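Modelling step: build the complete structure from the supplied sequences, incorporating the hints.
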Amino acid sequence: SCRPSSSPPALSPAALLVMAAAERLCDPGSGRPDVELGRQPQTFGPCSLLALTCRYPRLLSCTLLRHPCRTGTLLRHAEVQAVRGLLELVPPDTARNIFRELLRGVNRRGFFDVVAPLVNATAIREPLASLLRQLDPHHAVEIVNAVPAEKLAAALEAPPAALVAVMGAVDPDRFGHALIPLLQEPTPLIRGTFVPLLERISHPDRLGAIICRAEARVLLWIVRGLEVTRLAALLDLLEPADLAPRGALMALLQGAADDPELVDSKVLPLLRRGDPAQVVPLLRGVSAAQLLALLRRVGTDNLLRLLENANAELAVKLCSGPLEDAVRLCTVADGLGEVMRNPLAARAVRQGTDALNDLLQGVQSVVDRGRESRGAGRDGSYQFGDVARGLLSGRAQAVDG
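Numbering (this note's numbering), first residue to last: 2 to 402.
The hints are simulated quantities; they were obtained by calculation from the structure and are not laboratory data.
A quick note: this is a predicted structure, and the numbers were derived from the prediction, not measured.
Among the hints, a few may not be true.
As a list, the in silico SDA-like pairs of lysine to any residue whose alpha-carbon atoms are at most 20 Å apart [to be verified]:
| # | residue 1 | residue 2 |
| --- | --- | --- |
| 1 | LYS318 | ARG329 |
| 2 | LYS318 | ARG306 |
| 3 | LYS318 | ASP259 |
| 4 | LYS318 | LEU263 |
| 5 | LYS318 | ALA289 |
| 6 | LYS318 | ALA290 |
| 7 | LYS318 | VAL299 |
| 8 | LYS318 | SER266 |
| 9 | LYS318 | LEU293 |
| 10 | LYS318 | THR332 |
| 11 | LYS318 | SER288 |
| 12 | LYS318 | GLN291 |
Simulated DEER-style distance windows between Cβ atoms [to be verified]:
| # | residue 1 | residue 2 | range |
| --- | --- | --- | --- |
| 13 | ARG247 | SER203 | 19 to 29 Å |
| 14 | CYS55 | LEU238 | 39 to 49 Å |
| 15 | CYS63 | ALA242 | 22 to 32 Å |
| 16 | GLN43 | SER266 | 23 to 33 Å |
| 17 | CYS63 | ASP259 | 45 to 55 Å |
Glycine included, each C-beta is placed from N, C-alpha and C at the ideal position.
In structure tokens form, the structure reads like this:
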């Protein structure tokens, strides 16, 4: 019987020859599983198998003998040079652990359809090796069992460091529910959106945080509905606090998860057409519940006109106030849409809202000084007389200065 030991068990040449021949009894198909077509493969025979085991003895384990058909399928369809090239890039212990878990958790069809084609694809060898060096063996089994080879090959066209950062940011217990649905998307979407996105974003780990915490269906709505350049710009403006479970973006995505019509008709147009530099402060300054309630009452165009033509900070303050007031404000902004096409009128509105925002900030500063002068913090409630105390405090500071 096979027992765990500190060194790899010795397999006799006869056992190796049996494994080399096992594929002829267990071959799941007649086609050659190769992502790169047009090449004549040299698969394993007795001599090449013996040479491989002599060079990489730590690959040997009792698991190979327990699954001779799966082992034989891989030997029959994996190219000798491709296997050697991959093993040169992956530490022996890492390769052994992943191979052992694949033998335990992947059937012969998975080795034929997924494992062998990926191993044979020399164009993705380095990104595949980078991923294997960081990937948990159990997650490797989940991926092979759920994602076709051509989609994995497409995803591996992304920058290896970015792909590893995304996967590393996904919690282990969320891996199958969060990341795999994204890898199961159509190959054109993976190549046309996911890969270019990883090429553009500065902090791929933040994308991993979104994948981990957002519901898969909401994430897919966003990925399918936004252009790569717009999505990358939004992600680069977000801070880690925005991606916390109760952060600005995550709260919005969680609040909209049960209303796909609202996401399609209001949230996506807001993200798609709004200036990211204006949209991100809006997400931070207005609670998710308030923003979703506002979007249910007004058109996206109304809100966008307000953001475009008024002082951005003031617009956020007003939108975070009483809902009815925010609705009326957006309605007025929409009614001024034609007027705002006139450069002089647009400049006047901008200057007026800038001045109003400065005035409100000045009043707030006076109130804060008044609170502090009576021993309350800036977050304390307003009391009658705070304005007077603040004005006197400011005058006293000016005299002292």
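Is the Cα-Cα distance between LYS318 and ALA290 20 Å or less? With a Cα-Cα distance of about 15 Å, the restraint between LYS318 and ALA290 holds, given a limit of 20 Å.
Verdict for CYS55, LEU238 (Cβ pair) under range 39 to 49 Å: violated, 55 Å
Please work out if LYS318 and SER288 have their alpha carbons no farther apart than 20 Å. Between LYS318 and SER288 the Cα gap is close to 11 Å, so the pair holds against 20 Å.
Has the given pair, LYS318 with LEU293, been kept, meaning a C-alpha gap of at most 20 Å? holds, 16 Å
Sort out whether GLN291 lies within 20 Å of LYS318, counting only the CA atoms. At roughly 12 Å apart (the allowed maximum being 20 Å), GLN291 and LYS318 satisfy the hint.
Holds or violated: are the alpha carbons of LYS318 and ARG329 at most 20 Å from each other? With Cα atoms ~14 Å apart, LYS318 and ARG329 stay inside 20 Å; holds.
ALA242 and CYS63 - C-beta distance against the hinted 22 to 32 Å: Between CYS63 and ALA242, where Cβ atoms are some 49 Å apart, the hint is violated.
Would you check the hint for LYS318 and SER266, treating anything up to 20 Å between C-alpha atoms as holding? Between LYS318 and SER266 the Cα gap is close to 24 Å, so the pair fails against 20 Å, i.e. violated.
Outcome for the supplied range 19 to 29 Å, where the beta carbon pair is ARG247 and SER203: Given about 24 Å between the Cβ atoms, the range holds.
Restraint status (C-alpha distance of LYS318 to THR332 at most 20 Å): holds, 16 Å
Pairwise hint evaluation, VAL299 against LYS318, where the allowed Cα distance is 20 Å at most: holds, 17 Å
Hint check: LYS318 vs LEU263, CA-CA at most 20 Å. Holds or violated? violated, 23 Å
Checked against the numbered hints listed earlier, the structure breaks hints 3, 4, 8, 14, 15, 16; every other hint is satisfied.
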